[in-house]
Each structure stands twice: as C-alpha cells, then as structure tokens.
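Going line by line, the protein sequences match chains F and Z. In terms of our numbering, the first sequence opens at residue 1 and continues consecutively. In terms of our numbering, the second sequence opens at residue 1 and continues consecutively.
Quick caveat, the hints were computed from the structure, so don't treat them as lab data. Incorrect hints may appear among the rest.
Which chain Z residues stay away from chain F? Per the calculated CB distances, all over 10 Å, these [claimed, not checked]:
id	residue
1	I21
2	G55
3	V71
4	D78
5	A79
6	R80
7	E255
8	T256
9	V350
10	K368
11	N394
12	T397
13	W430
14	N450
15	L461
Quick list of simulated restraints, FRET-style, between CB atoms [what the hints assert, rightly or not]:
id	chain 1	residue 1	chain 2	residue 2	range
16	Z	P174	F	A92	42 to 52 Å
17	Z	Q313	F	A298	23 to 33 Å
18	F	L261	Z	D109	54 to 64 Å
19	Z	K483	F	K161	52 to 62 Å
20	F	A92	Z	E343	55 to 65 Å
21	F	P132	Z	D109	24 to 34 Å
22	Z	A294	F	D288	20 to 30 Å
23	F	A298	Z	N450	50 to 60 Å
24	F	A298	Z	T127	27 to 37 Å
Yeah, the Cβ is synthetic: ideal placement off N, Cα and C, and Gly gets one too.
Spelled out from the first residue to the last, the chains are:
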Amino acid sequence: MDMELITNILFAMVRTATPLLLVALGELICEKSGVLNLGQEGMMLMGAVLGFIVTTLTGNVYVGVLVGVFGGMMMALLFGFSVQILNTNQVATGLALTIFGTGLSAFLGYSFVGQSIDGFHSINIPVLSSIPIIGKMLFTHDLLVYLSFALFGGIYWFVYKSRAGLKLKAVGENPHAAKALGLPVIQIRFMAIAFGGAMAGLAGVYLSLAYTPLWVENMTAGKGWIGLALVVFATWRPERILIGAWLFGLASILHLVIQGLGFEISPSLLAMLPYLVTIVVLVMLSRDPIKQKLFTPASLGKPFRAGD
Amino acid sequence: MRDTEPRLSLWNITKKYPGCIANKNVTLDVQPGEIHALLGENGAGKSTLMKIIYGVTHADSGSIIWEGHEVDIKLPTDARKLGIGMVFQHFSLFETLSVAENIALAMSDEEPLGITELSTKIIEVSTKYGMPLEPDRLVHTLSVGERQRLEIVRCLIQDVKLLILDEPTSVLTPQEVDKLFDVLRTLSAEGCSILFISHKLNEVKALCHKASVLRQGEMVGDTDVDTASVDTLASMMVGEQTKLEQEYEKVLGSETALSITKLNYFTSDPFGVNLKNISLEIRKGEILGIAGVAGNGQEELFSILSGEIQIQQKQALTINQQDIGALNPAQRREFGMSYVPPERNGRGAVEDFSLEENALLTNNIGNKFGKLNLKGIKQFANDIITTFNVKCHNSKTAASNLSGGNLQKFIIGREILQEPTVLIAAHPTWGVDFGSSKAIQESIIELRNNGAAVVVISEDLDELFQISDRMCALFHGRISPVKPATDVSIEEVGRWMAGVFDEQEAAA
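Bound-form chain Z, shown alone (with noise of 0.2 Å):
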C-alpha cells in the first residue's frame, strides 16, 4: 500500500484520573519499521498512554487509527487481533505455569490448545530471533532475561507489527540489554514499527530512530534522534536546563563498620534465592554499591541484614565488632542500623496511616510507658517534610496520598534523620522522578559525608556508578570481588552480574 501510511496515529487522545490528567491531547505518529522512544519522567504519562494503545485502558477522548483506519480497542484481544503486541515493565507472566502455557494463554479462543504443536512453533520462533526457550519450563525457574524473552517471543508468535516495550532494559544486564537491541534491530529490519519507552537517554539514542516525549501528559515534541543530542533529549524530558548527571567526589571510608563474614543462608521458599559464603566489609564513610539484575539474592541479603530473616550464624554479622546476627530489627537499630526496603508501600511504609504515624514506626521517640509523645512525633515528621521537601497536605496526611516519589523522600528522610552510622538502602530512586532522585542521592553522600557507612543495593547500574565509592554484585547468591567504583567499567560490573567472576578473587 502507500509507504508514507502511518502504521498507527494516535489523534488528541485525552484521559484523566480522579485529580490528575494522565494525558492532554497526545498525538504520535509511528512508521512501519520505525524504532519510536517514548521519553518521560516517571508519571509523565508514557505507561498511560501505552495501557490506552493496548486496550488495558480506554481514553476518554481522541482517537486511535491504525494503518489508516480508525480502530476502537476495548481490550488487549483486540489490540492483539490487530498485531499490537506489549511487553510489560512488570512482567505479565504466571509463575506456576509453563512457558508454552503462558503463551497459549494470550491466543486466540478460536484455536484449539495444541500445546504440542504451540511448543514446536514456539522453539521455531525463538531460536529463529536468537532467544532461545524451553516451552515446559516452568516460569518461575525462568531467570529476569529469560522472562523478558518469553514476553517478547509471546509477542512474536503472533505476526506482531506493532511492539510496545515499557522500560525492557532496567532489568537486564548490560551485556543482555545489548542482544535485545539487536534482536529489535532485526525486527524493525523486517518491518516491524518499535515503541521504546524509556528514560535512559543513551540507549535512545544508540537504539531508536525517531523520539517523541512526554511531559506532565502532554506531548512537548518529537525529534529525529539521530540529529538531537542526550543533553537536547534531557532537557525536553525535564523541561529546564538541568545538568543530567551530577558528579560526586569519591572517597575511601576508614575503619570497618559494618561486617559480614561467610554468610551462609539456605531458603525454604521455593521461588528464593540460597546465599553462599558472603563476606563484605562496609567502612565508615563509604558508600558500597550493591549491583545485581533482581532475583539473584538481593531480596534474602536485604532482609538477613534487616533482621527481618534471622540466621543462624550469629558471628556472621558485626556492627563495630559486636555480634547483632542474634538480634531482630528493632534491637539493630539501638546499634545505628536504619533501613529503607525495596517496596515502599507495605515494608517502608504503610499506606493508610499518616505521615506522623509512619515516623513514628520507625523512631520510638520518647515514649515512655506506653503513652506516645504526640508531639515529639508531629514534629519529628514535620522536620522530615520540611528537610526533605516533601510535596504533602501536611503531616496528617495518609501515605497513600503521596506520590512514590514524595513517599520515598519521606522514608529516606525518616532514616536520615535519626543519624544511623550504618544504612541500608534498596533501590532508593526506583520509581522516583528526576528531580527527587538527585534530591536523595545528596541526601545519602552527606549522610556518608557526616562519616555513616551506607550499603546501596540497585539495579540501576547509572546510579550505582554515580553514588558508590566502592562497587560489587550478587549472582546466584554469591558475592563478586569489590573494587573502587573508579577503578572498575560498566562492562566488568555486567559480567559479574552475569556471574563471570573469580570466587577465589571474590572471597579474598
């Protein structure tokens, strides 16, 4: 038919949630074959957008035309049934259920289910894009990568012409990020039109063709990428000249604070991860990063340093060469340990409680026989919001009220302000947008600064290079060798994400 046809148009499209609008007036154009980046913050809109497309959600006005007519997608049948296909940021997959089994669940109710023939058809499609897979395994044996696969390879098997992928590389090694590039090369090669989203700049640009970005909903404009600078792209997205990446001075900590010695831990959940003999030492005035693509033990190592999995080692953890493997969370914190949790809602926090009653989880202060320090509390949580420049109503309101971002500088500046001499943090900016981020990176180095020892342990490769003085990863539950962040590449860091390196070098 005629070339210049966009493969899809989105005209005007409109939705708006209960006090926000998720988008105002969106418009997108995106050609056949075409690699098209969708950049925003986090809650500029992109995944709304994206639900609307797939039919998850429905816009309240505009339209949708696709290859040249309008179409009305109620549901992700429909949008499928058109060859819109998505791959989820978190992955829409059922862990009890195998590969095969997955995959038939997204076809067509016409078609009998041939698991037999769909298995055949699966490895033929899988192992022709170079991303092999075993179609009765079940998912959840399935590494980060391999389940990403699987999403994509659902896609695939149905002659998708349009692939939609929510943020595919934040959980992948950077050394898989770049076979998934090549794999997207390949269809884009074939005539398959890409919708990348994403708010890494450089993948953008080593990977798309055209960019188009969202701000606060609305659609601020589109660029060839080839002719557009990162710091171009950055500005678009953040809407000011900000400098994308601050510096910090690296530093070497003193004396240890924080020990870990042969930490051993089996697990009785099936999906969990064992760890085997870890031994880290974390020094006073040192950040240690912690990188690892997500299930590979950080989760059990965060909890067994909280306290939250007790072991039986009691030696193998030391705060200042006193044993605290024995003691549960509370008893550690006596000993200056504060954590922030990988979830935020429900381990850091919980939702329906206000701002003062979450401060006061954490930090018992002064009170005494049982009757709370009502106003100790109120202005304990008022020095976190006025510190931390937490965007709320004020301290009564409920958590749930805050956006991610607010929420999360409210549990950092919770920690931080109790001064502990030992923090442990997880994925502290997962989720949180530009400006908090660098808001809670500052936080954290001069907690460092002020002479804390601090454990980071992210999946953002960019921010642990950015923040950590001294850098290693978790595979499989063991522990690479830790080197200087200075002295260390992102390649070298992703192969001992990928579980290529020395344990002898590592142990020592």
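Okay, chain F solo, but in the shape it has when bound (with noise of 0.2 Å):
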C-alpha cells in the first residue's frame, strides 16, 4: 500500500468515527450519572432529520445544527421525565424512545427524501494540515469533526480533573450517599441525560449534514446502538471511547479497502470485522476486574426516586 492510500484511509477512518465519537460521548456522561438510555438511536434519527429539514428550508447549516441538537435534547428530556419523575423502568424506555424516534423522524422526513442540500464543507487548517500522514488525518475536516474533538478534550477534563464530574461520578456510584451530602441527585441526573440527547442529536445532525449531506429514513443505520456497546466495552473511559470509535471507524473502512483490492472473501464476513475488531480489542483492554468494577458506575440502570 502507498501513503497515499494509507493517508487517505486515516482520514476516512476519522470521518466514519466521528458521528460514533460523539454519540458514545454522550451516553458516557449520562451513564456515568447512573441512568441507562438505550434511546440513542431514536435521539440521533430526530436530530439528523431535524437537521436536514431546517438547513433545507432556511439554508443555514448552523440553525440546523443548533436545530438538531435541541430536537436531540428535547428527546432526552422526554426519556427524563418519564424515568425520573414517573418512575417508569429505563431500558423500556429507552427502546420506547427509539421506537418513536425512528418512526417520527420517518415521518417529518417523508417530502424530505431525495432533496439535496450544501452540507458542510472541509476547512484545511493552515500549517497544521500539511504535516504528512497526521495534517490530512485530523486538520483537514468539516467543522464538526473539529468540534467533536474539542468536545473529547472538554468530556475528558471535565471526567477526570473537575469537581462537576467528581460529583456525576458520585451521583452515578451512590445517588442515596451522595444525596446525604446534598447533592441534588435528580437535577445532576437529568442535566447528564440532556447532555446525552444533545450529543446523539449532534452525532445524527453530523451524519445528515457533513458525512452524507441527505435525509434517507433509517440513515444512522445502527450506529446510536454501536454507540451503546462502545460505552460499556471502553469501561466508561473517554480515551478509550475514541480508541474503539476509531478502530471501528478504521476496520469500516478496511473492508471497503480489501473488497477494492479484489481479495476474495465474502463481503458479508468482511463487513463482520468493524463489530468484531472492536470488540475483541476492547475486551482485552478491559480485562482487569479491579478496574472494571472501579469505573463502572455502580448505580447504573437502578431507579433513584425523588423521596428515597
């Protein structure tokens, strides 16, 4: 293989990460506060539907950006709402929102199908950009790929060196223990949550404005799921999130390489390799059991009610 095509499969790799980047991110900080939401596949179809319509009708990327993530948020806050204050079960919930978000979205999409729209263009980041390898790799991207990186760099400080995340960590591990020490349990839970739908609904704006700039129903295509499993197989790490979004972003693009090549082996199996390449490398990661249980919040998936 030439560098070109090592370079460009890097930088394909960074693309195809980016929309798992973000929505992984999300579930991270909501997850770390305790709470399950398996609606993240529901979270980004409204946000990438929401998205594409409001860049179509007013023309301007930003207000469907901003469009999206609010839909992504709203979503969230529904999911919040009726697992905090109505105390409903969160894993039913949660495929309940994914439900309702495909088939919304689905529907508020219906006209939108086929149309096109200016997405969001590649912005060459000078100097930075022509280191060979690494410049086209991470500095020659559209906007959002930027922002999820800054996004990564504020997740990962604010998970490990800040005192808001000292206390979702202790909300996540002990909602009853930290509720003794006067932390406001429901509101930090939900704040967690809104962020989560904001992040899904920024993942699935990326999806329907930057890497494919379309609407088509159904277009995350499982990846709010993925998104899920890299949570818990990175063992609620931000680092090694994008680790296993990068390698399954890598592994997706291999499998078109060696079609490309004319390797003979089944497509079906090689489209096999991003799911099972990232699983097997995250397990072995995280095969330390001390760790495992140490990053893990404890509470996860167990109701917390208000007067408990």
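With the hints as a guide, bring both chains together as one complex.
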C-alpha cells in the first residue's frame, strides 16, 4: 500500500468514527450519572432529520445544527421526565424512545427524502494540515469533526479533573449517599440525560449535514447501538471511547479497501470485521476486574426516586 | 458571647410519615462542648431527628435555633455552612473514589477543586486528632474503622461546631471504640458539641455528659448521665422496668454436627475477602458465635455455608460425616440445614410477596406435581405468625408492610419451625427492637436446647456473649481460636477481631 492510500484510509477513519464518538461520549456522561438511556438511535435520527429539514428550509447549516441538537435534547428530556418523575423502567423507556424516534423522524422527513442541500465543507487548517499523514488525518475535516475533538477534550477534562465530574461520578455510584451529602441527584441526572441527548442529536446532524448531506429514512443504521456498546466495552472511559470509535472506523474503511483490492473473501464476512475487531480489542483492554469495577457506575439502570 | 446560650435548640419538632409520626413535639438543647447522647430503640425517631438537623429531610412544624438565631436548614450544604457535620451509620462514602475526592465532594463549591492542597490539609487534620488517613487511597481498600475515620475527618476539616454521630460504635472493635472516644473527648474539650446517637447504654454512660431519650417519636426526658444509672436509662428507653440482659445457661454440645475442614476460598470480587484455611466444628446442642468487624469474610463464609457460593473442595463441609460441599442450598436443606441471611429484604424474604409466599420460599410443604398445597402453606404461615408473635394484618400481608423486627421474627420463625439440625444465622437481631430481639434470642436458645447446632455470625459483641456457648472471630478471612464464652474476656475477643491471635493455636 502506498502512502497516499494509508493517508486516505486514516482520513476516512476519523470521519466514519465521528458520529460514534459523539453519541458514545454523550451516553458516557448519561451513564456516569447512573442512567441507562437506550434511546440513542431515536435521538440521533431526530437530530438528523430536524437538522436536515431546517437547513433545507432556511439554507443555513448552523441553524440546522442548533435545531438538531435541540431536538435530540428534547427527546432525552422526555426520557428523563418519564424515568425520573414518573419512575418508569429505564430499559423499556429507552427502547420506546428509539422506536418513537425512528417513526417520528421517518414521518417528518417523508417529503424531504431525495432532496439535496449544501452541507458542511472541509476546512484545511493552515500549517497543521501539511504535516505528513497526521495533517490530512486530523486537520482537513469539516467544522463538526473539529467540534468533536474539542468536545472529547472537554469531556476528558470534565470526567477526570473537575469538581462537577466528581459529583457526576458520585451520583452514579451511590445516589443515596450523594443525597445525604446534599447533592441534587435528580437535577444532576437530568443535566446528564439532556447532555447525552444533545450529543446524540449532534451525531445525527453530522450524518445528515456533513457525512452524507441528505436524508434517508433510518439513516443512522444502528450507529446509536454501536455507540452504546462502545461505552460498555470502553469501561466508561473517554479515552477508550476514542480508541474504540477509531478502531471501528478503521475496520469499516478497511473492509471496503479489501473488497476494492479484489480479495476473494465473502463481503458479508468482511462486513462483520468492524464489530469483531472493536469488541475483541476493547475486551482485551478491559480484562482487569478491579479496574472494571472502579469505572463502572454502580447504580447504572437502578431507579432513584426523589423521596428516597 | 453568652456562655449559657445553647449551640443548638430544637423547638417542638414534628415530622409525620404516612401511617406514623416519627417525631412529635421534640424539644432538645445542646450546649457548646457538650457530649449529648440521644437514646432510643430502633424506630424511636432518632435518625429522623438527626436528618432534620442535617437538612436531609424537613420537619412539618417546629423550629431549629442555632446559636440564638432561628435557621432554615434546607439542604446538608446549609447545615455544613453553619458548622454541623454528620457521620452516618451506613457510611455515605463512594467506594470507587479516593479519600481526598470523597472529602472534596463535601466541600463548598466556591473553592477550586485543589486535590493536592486538600490532601495536605487532610494529613494535617487527621494526624492532629490521631486518625491517620492516606488521601490517595481508594475507599474500597479501607477497613471499616478507616472509613469511619474518613467520615469524621470530612467533618473536622470544615471547622465543625456540632458533630452528629449515628450509632458510630456498631462497626468497631472495642479497642477502636476507646480510640474514637478519646477523639470525641478532645473535640468536646475544644468546644465542639457532639450528638451521640446510640442504644448501647454502657457507652453512653462512659462517654456522654447528658442524655435525652426518645420513645415512639416523643422526648420522654433528659438526664445528667453522671447521676443516672444504666437501669434508669434503660427503663426510660423501653418504658417499663424490664431486666436489661437475660442470662442464658451456657452448655457444652455433644457430638459434631457441622464440620468445616481447611476451607480456602479465593474470591473474584475485587471488594470481597478471601477465606484462608478455616476449620471449625459445631456440635449438636451448642451455639457457636462468630464475631468480627464487618467485611472480614463473614459474607463469604455465610454464602459458602448456605451453598450460595459453590466451592471446589467438596469435602471441606460435612454434616454428620456426609459431604455437603457440592450441594446447592435446597439440597442442603434436605440435610436439615437452615439459614437466616444477613439481609432481610431480597435475601431472607421477597418484599413484594405475601407472608404466605415468603413462607413457601424455604418450605416446600406438601406440594405435588407442581401443584401448590395452598392450605398447608397458609397453615404454616399462620403457625409462624402466632408462635413468634409477628405483628401483621394477616398472612396475605406483603412482607414490605412489616417492620424490620416483625419481618425478622417471621424469617427466624420460618426456619425454626422446620426443626433444622443446623441453623446458620447472620446478624439475627440487627436493627430489631428490644422486645423482638429478646424473643428471637429465646427462640434460638430453645432450638439449641432441642439439640440443634447453631452458628451465629454477628457484629454485636454483647449479643454474642449473651447467647454463645463458644466464641471465635473472623479477621481478614482467617479464624481465631475458639474458646468457651465463659473462658474468654471481651478484650480478648476484641484483640481477635483486630487480628491479634496465634494461627497455630487457631488451626489446632
């Protein structure tokens, strides 16, 4: 393989990984607070369709992004209201959210299928983009990819270095003890849920406005589920989510490259590759049971009622 | 200012929960530097009152006066700002965070999260009071005593003026209790007020200046501890002249019923405890008491005896010379084993099930071909209710509607009425009121007198000394020597609990 091919593969890897990175980082924050939201797919689709519709109508991608993110957040707050105030089951409510979002986005986007818009364009960052390999891989993307880098950095700092991150972990590990210390458990969980929704909305917007600027029904094609799995396999650590998302992106691109090079392997087998590689690598990374227990939010999925 | 002004005054505090009044017109004064005991049985309303002072819950009516001013404590953060600190009975710590991070969580938001500076302060404060702590250690690696130290240091680091301790000694060895009392006396001498919640009268007598007694949510009086006798305090607490401690006859058992031989167990749970070379023989007609501070292998030992954890060494457990190591809990019941697990809810009983259904859980009475013997079950449940005086509406009542003491009586009754030859009971009277404890202890003694072998695993030393015929202790998964309860002092058992024993002697 020549240098240019490798560079192109790495560039495509980062692009493919971006929606996964966004949705998984959002779910990471949500799960760190002890809430399991299985509605990622639904929230992403709502973000994608709203972003696309608004961009088509206004001609402004930035307004599209804002509305898409807002849409994802509203979906998440619906979930949050249901599980925290009405005390519904988190798993069932999350699944319902996915089904709801899939249906609603298909309905809203029906007349927009096949339309085309002027989506996000690549911006080459001066100087940095001329570094060999790395330059093209990291610094020749569109604005949303750069935003995802910034969000990764911000979330990394938030989780490991900030007081607010400490509070989030405390609520996720033991909400009763957190309440006894005076932390507003329900409020913190609402914020985490809303942030997760906004990130899922952004991931959806990226798909419909930057990755492939068009709207197709169910265009996320399971990326929300992969994001959810990434969080678990990355044992709730942001840096591992980045590794996992990139691995998945790389394997997704490689399977196309391998097919292109004309190897005689069944394409269906190759299509399994991304899933297999990501799971194997992340499972190998997280075999230490002590570390696993230390990073897993102990109250994940367990209801906490305001009066408890 | 005025020396006579109380640091904290409660005026007519009332708090109602659906179906019960937790506090009724409670009035209380705590002076600066005073160690004030709050006595009462389980369910008397002590914890509710403390939660109101600390802002975890709110009173329906009444007022709190802090240093002469009426205050509204909405949240624990408000309480901490005033200088009120609380050490919870079930610690409010986060296992996956470090000592310093746990303390940082209770600090004011206005300050930056300087873990390094905080660590220096933690070392400073903890050494000053003789409670050394390492700021970088993760909480799950700390012993129970160290966790309590952490909770106390978390309060002290914020210049506390009133420290509330909710049953702080229940998790400590007698030696650790002495150390804690020294710290509390130092604090009191420095002018810090202390509210000490307890139902252990000897400790109150040893430590406190004043005692207030709560009974069924009402303040029945307060007294100077120096002038009141333990019996007076007890009768204030219970409301009648009951004899404080029943003396039971100590006996020697006959032949061995249950034997544990060189049991080793390596746990895969990073927060668990490995068991090392445990050998014990429990005889027919005796009660063996196993003491120990929580988290020293009691949980693992109980689960291995009950069969919830399966072990590789099939011969390590025998009942009447028959190996039972490979059997599951139900098969072990066929050999006459019975268990009272440490958790009432979720392990001893299913909260949402009725008492009848809970009775069925361990007694497969007359059920044939998958058809339930409903009449038999109802009869059995009612037998338990009448024999053990379980206060409930009827046998269809859900377990969650029973008080802790009543549910525990029901669980113990369910096991004892099946006439086990071996009973394993963990914390049989934990969180159970005075009257029920006595009933439970008496029924265990009666079971022993009928020839059953009984193992009681408990953290309550007073209780163990009261009912055990022989005693030993668990420390870090190892077992101490076993001695007749009449030949061993409370200090010696305390040393065992702290790991001071000769293993050669223990293995012999």
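Taking the CB of A294 (chain Z) and the CB of D288 (chain F), does the distance hold inside 20 to 30 Å? Cβ of A294 (chain Z) to Cβ of D288 (chain F): about 26 Å, so the range 20 to 30 Å holds.
If you check the beta carbons of K483 (chain Z) and K161 (chain F), does the distance land in 52 to 62 Å? 53 Å, holds
Verify this label for me: D78 (chain Z) is non-interface relative to chain F, using a Cβ-Cβ cutoff of 10 Å. 8 Å, violated
Cβ distance range 24 to 34 Å for P132 (chain F) and D109 (chain Z), holds or violated: 47 Å, violated
In this structure, is the beta-carbon distance linking A298 (chain F) and N450 (chain Z) contained in 50 to 60 Å? 43 Å, violated
Given the hint of 27 to 37 Å, is the C-beta distance from A298 (chain F) to T127 (chain Z) inside that range or not? 32 Å, holds
When you look at the beta carbon of L461 (chain Z), is every beta carbon of chain F farther off than 10 Å? Answer for L461 (chain Z): holds, closest chain F Cβ roughly 27 Å.
Far enough from chain F: is every CB of that chain over 10 Å from the CB of V71 (chain Z)? Holds, since 15 Å exceeds 10 Å.
N394 (chain Z) non-interfacial with respect to chain F [C-beta, more than 10 Å]: Nearest chain F Cβ is 28 Å from N394 (chain Z), so the label holds.
Would the non-interface assignment of T256 (chain Z) survive a Cβ cutoff of 10 Å against chain F? About 37 Å separates T256 (chain Z) from the closest Cβ of chain F, which puts it past 10 Å; holds.
Going by Cβ atoms, does T397 (chain Z) stay more than 10 Å from chain F at every point? 23 Å, holds
Just to be sure I understand the hint, the distance between the Cβ atoms of A92 (chain F) and E343 (chain Z) should be within 55 to 65 Å; is that true here? This hint is violated: roughly 27 Å between Cβ atoms.
In this structure, the hints that do not hold are numbers 2, 4, 5, 6, 20, 21, 23, in rising order.
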